[in-house]
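**Q** Please model the entire structure based on the sequences and the hints provided.
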Amino acid sequence: YYFGTDNPEDNQTHGTIVSGIIAANRDGTRMQGVAYEAKILPVAIFGPNAVSASAGRVAAAFDYVVAQGVRVINASFGNTQRPPFDLNGTLLPEMDAVVRATNAGVLVVFAAGNAGDPNPGFMAAMPFVKPANDNAGLYNKPATPLDYSGTQSRVLAVVSVGADNVISGFSNRCGVAAAWCLAAPGEGVVSTYNNGGYVRSSGTSY
2 YYFGTDNPED
12 NQTHGTIVSG
22 IIAANRDGTR
32 MQGVAYEAKI
42 LPVAIFGPNA
52 VSASAGRVAA
62 AFDYVVAQGV
72 RVINASFGNT
82 QRPPFDLNGT
92 LLPEMDAVVR
102 ATNAGVLVVF
112 AAGNAGDPNP
122 GFMAAMPFVK
132 PANDNAGLYN
142 KPATPLDYSG
152 TQSRVLAVVS
162 VGADNVISGF
172 SNRCGVAAAW
182 CLAAPGEGVV
192 STYNNGGYVR
202 SSGTSY
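In my numbering, the protein residues as written are 2 to 207.
Heads up, a few of these hints could be off.
[Claimed, not checked] Derived EDC-like pairs: lysine to aspartate or glutamate, alpha-carbon spacing no greater than 16 Å straight-line:
id	residue 1	residue 2
1	Lys131	Asp87
2	Lys131	Asp97
3	Lys131	Asp148
4	Lys142	Asp87
Treat the hints as calculated values from the structure; they're not laboratory data.
**A** Structural data, given as structure tokens:
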């Protein structure tokens, strides 16, 4: 489902690669998904050729998939902001949508990011936001107190490791998200490609 139209085509390839890692058929060909009997609801929030999406568009997409009854949201995209993050407006619609999703019992999985930073990208670190952490330096203290710590039990940050189980040089670290962070293979992962073939890719999305 291409959010806003009815065009499901993945011109960017990223979603197809991620979806294959999750749910590619177990048919004896090249590779299979880790949850090969799972159902995928693809939602292209970035449009056919765009490389960014507003927090409002992301929030609307989250609300849409929750309404469709999904159990897990894979949010393998990152925010371009670097610490300290600014919470006074631009991120709030997306953060509030995550709250609604987790309150509905949905697990929301965020790629930690590929900048080699000591902490994950902001959405993966979102449960860290609470008044007690306002002066920790990860984000600018909001004008109005915010508390997203209640999402911790249903938000998962994912970092990348190589075949040697050592964290990838490109991968952001768990950092403040250590209590809700998972490490998984993210180097040279083989998956489906949108030309009908296969590709080997690296990144915390994978």
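**Q** Each hint: holds or not?
**A** Quick rundown of the hints versus the structure:
no., hint, verdict
1, Lys131 - Asp87, "holds, 14 Å"
2, Lys131 - Asp97, "holds, 14 Å"
3, Lys131 - Asp148, "holds, 4 Å"
4, Lys142 - Asp87, "holds, 8 Å"
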